[in-house]
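Colleague: Sequence:
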Amino acid sequence: MLARRVIPCLDVHDGQVTRGVQFGRAETGGLRNVGDPVELAVRYNDQGADEMVFFDITASAHGRASMVDVIERTADRCFMPLTVGGGIRTVEDMSAMLLAGADKVSINSSALQNPDLIRAGAEKFGSQCIVVSVDAKRTAPGRWEVFARGGRESTGREALDWAQEAVQLGAGEIVLNSIDADGTRKGFDLEITRRLSQGVSVPVVASGGAGSLKHMADVLLEGQADAVLAASIFHFGEFTVGQVKAYLQQAGLPVRLGPNARP
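Residue numbering for the sequence shown follows the working numbering, starting at 1 and increasing by one per position.
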């Protein structure tokens with residue numbers, strides 16, 4: 001059985017890490033400042049995180065330049081793989097982030113607008129570098145639709161259908177973000193996570209809803225996810241990556257306990 005991954009996520013706005021609830025946005029006052037992204041990344045690297053995800057939510061040219069700087073400085077100080085998303089619209093954008101030190105790039109709205117971007121990125125850099133992030137919201141019993149533009153715009157597309165298309169185009173990983181659960185700390189959406197995990201041939205990373213150690217074990221066991229992504233429970237000091245991994249190990253899940261990991 002492959003080791004399950006524990007992945008902290010940093011939402012970066014104007015060079016600082018922020019945290020919202022159900023895709024809270026800066027213009028609505030829905031973001032809370034958390035701290036410096038590089039210092040937080042170093043902390044999680046030392047705790048034994050398997051990977052780190054950065055999402056640039058600034059959506060400006062200045063923000064993208066700031067994110068390149070963040071990735072460069074983080075790559076100099078950390079050994080875990082780095083994924084960066086937000087504002088990546090072209091193969092050239094992908095190249096800039098990979099050259100800065102990212103190992104993967106994550107695309108969302110740009111892939112929905114131009115699915116061929118997935119294929120182009122996979123052909124140039126390899127599928128292992130291309131992550132497609134799927135923001136899904138339950139719109140009817142048994143139906144989850146994909147939303148674009150930070151959860152603001154419904155595409156009318158069914159989540160599993162889109163995930164399968166993305167994989168066919170070359171995506172090497174799917175990050176499933178539950179809009180309903182995001183930031184609520186009430187647990188992951190196990191049903192849609194399980195549906196995607198069973199329906200695609202690449203790893204699925206579960207995101208949105210972590211509030212306890214049990215929630216993280218549940219989405220890996222019952223939701224059948226390959227990895228779990230979380231933000232608030234790490235940023236506000238409730239749990240360390242090491243504590244999460246110890247709990248998952250006790251639950252019978254294989255995890256990597258790196259030599260630099262400390263609780």
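Please keep in mind that the hints were generated in silico from the structure rather than gathered at the bench. Among these hints, one or two may not hold up.
Cross-link-like lysine to any residue pairs, in silico, SDA-like; alpha carbons within 25 Å at most [claimed, not checked]: (1) 124 x 92; (2) 124 x 165; (3) 124 x 68; (4) 186 x 129; (5) 186 x 214; (6) 186 x 35; (7) 124 x 186.
What follows is a set of in silico ranges between Cβ atoms, one per label pair, in the way DEER data are often shown [said to hold, decoys possible]: (8) 99 x 191: 18 to 26 Å; (9) 184 x 140: 15 to 23 Å; (10) 99 x 251: 24 to 32 Å.
Nothing here was measured: the structure is a model prediction, and the numbers come from that model. The beta-carbon is built from N, C-alpha and C at its ideal position, and this holds for glycine as well.
Colleague: Work down the list of hints and note, for each, if the structure agrees.
Modeller: Verification of the hints:
1. 124 x 92: This hinted pair holds, its Cα atoms lying about 10 Å apart.
2. 124 x 165: The given pair, whose Cα atoms are some 19 Å apart, holds under the 25 Å limit.
3. 124 x 68: holds (20 Å)
4. 186 x 129: violated (31 Å)
5. 186 x 214: holds (11 Å)
6. 186 x 35: Roughly 24 Å between the alpha carbons, so the hint for residue 186 and residue 35 holds.
7. 124 x 186: Outside the cut-off at roughly 40 Å; violated.
8. 99 x 191: 18 to 26 Å: Violated: the Cβ-Cβ distance is about 39 Å, outside 18 to 26 Å.
9. 184 x 140: 15 to 23 Å: With Cβ atoms ~20 Å apart, the hint holds.
10. 99 x 251: 24 to 32 Å: With Cβ atoms ~39 Å apart, the hint is violated.
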